[in-house]
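Following the hints, complete the assembly by docking chain B onto the known chain A.
Chains A and B, in that order, are what the protein sequence lines are.
Under my numbering, read the first sequence as residues 1191 to 1334, first letter to last.
Under my numbering, read the second sequence as residues 18 to 271, first letter to last.
Just to be clear, a hint being listed does not mean it is correct.
Facing chain A, from chain B, some residues (calculated, C-beta under 8 Å) [stated by the list, open to error]:
#: 1; residue: PHE71
#: 2; residue: LEU255
#: 3; residue: ILE269
Hints were generated in silico from the structure; no laboratory data involved.
Built from N, CA and C at the ideal position, the CB exists for glycine as well.
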Amino acid sequence: MTISGVALLAICTLLGGLLGDLLGVALGVKANVGGVGIAMMFLIAARLWLVRHGLLSRGLNTGVEFWGSFYIPIVVAMAAQQNVVAAAKGGPIVVIAGLGAVAVCFTMVALIGRLSGRVETMDEIEAREAIEANVPHFKSGRVG
Amino acid sequence: MTMISHVLAANALITAFAAVGILMWISGAISKYLTFGRIHGSAIAIMLGLVLAFFGGLATGGEKGVADLPALTGIGLMGGAMLRDFAIVATAFEVDVIHARKAGLIGAVALGLGTVVPFILGVLVAAAFGYTDAESLTTIGAGAVTYIVGPVTGAAIGASSPVIALSIATGVFKAVIVMIGTPFVAKMIGLDNPRSAMVFGGLMGTVSGVSGGLAATDRRLVPYGALTATFHTGLGCLAAPSILYFTVRAIIGS
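Bound conformation, chain A alone:
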């Protein structure tokens, strides 16, 4: 049933929100601490459990995935109700923070790639797979 997916999602979200609030109280802040992240972990755990017990039905999947696929439209709606007039007064901060973050991250992708040595490129993997596909019987070392 589709509703089981939506209900599962709702229960995870509520539990996450509750624990986030409790964590906030425990840490002495008037805020929800990581409720969304905790809810996501609940959902991942629930999914693993359901798969292991063979209970992940198609309807349940549909119920959750519909909302997952809905998140870009919701973010668009969220963007459309922000106080942009006030933000526009901030101007250059957006450009500098955005450009800076991207530049630093690009550099780090290059650095991590160089430091951790060379690996097969996508082209090489495809070429190797194409060769292996032509001679499948020699894989295990036995003939025939």
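What follows is chain B alone, placed relative to chain A:
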């Protein structure tokens, strides 16, 4: 005319679905015909949303963008905290733990760095622009992580709406730069294998930026980048309003 506005206002949430849908069709068309698929339709839709919120704010003098227009109050519900958190939690369903393990240690390192480094940079820029309270600094720093982490963090720790709007704008700008810039720097940063794509996804974070940027570079790399990128928002939503917020608060001592 009054009948139309009555129907729109009486079915506020339905009107919002229709309005956002139309906005996304337009954005899809702009993406396809004006940018030749280089900028993802969703990034254009979000930018259009922010533009509309700007004019909505000018027209009504309110603080809630187009949601202050009587016919579009449903946008406020659709894009409000309740449905937003609900939809973000749902995306966790797509995370495959077995596949995720393949990304291994290097993916985890990239994820950690991809959250902390942009955050620090965002906080420093915000501080340079005269923000001094921990809430604003953290929210703008979180916006430099992704445009989702920014508002989630801002809402959680109680930042003001203009600051949240700034953090979204920063995150969206970052996503757009990733989409446009990736094909141009791909060769330079060695973006030609699954592992570097996973590192890239973890560091860049924004799913629309990563999938758009990788699609424009090499379509085969998209799933690898998206795999780590889907963890990014969750990690950011967990860390930014908690550990990172407390760290900022401890440093500025308020």
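Consistency of the hints with the structure:
Restraint check, PHE71 (chain B) versus chain A: the minimum CB separation of about 4 Å is within 8 Å; hint holds. Interface restraint check for LEU255 (chain B): the shortest CB-CB distance to chain A comes to about 3 Å, inside 8 Å, so the restraint holds. With 8 Å as the threshold, the beta carbon of ILE269 (chain B) stays out of range of chain A, its nearest partner Cβ sitting at about 15 Å, so the hint is violated.
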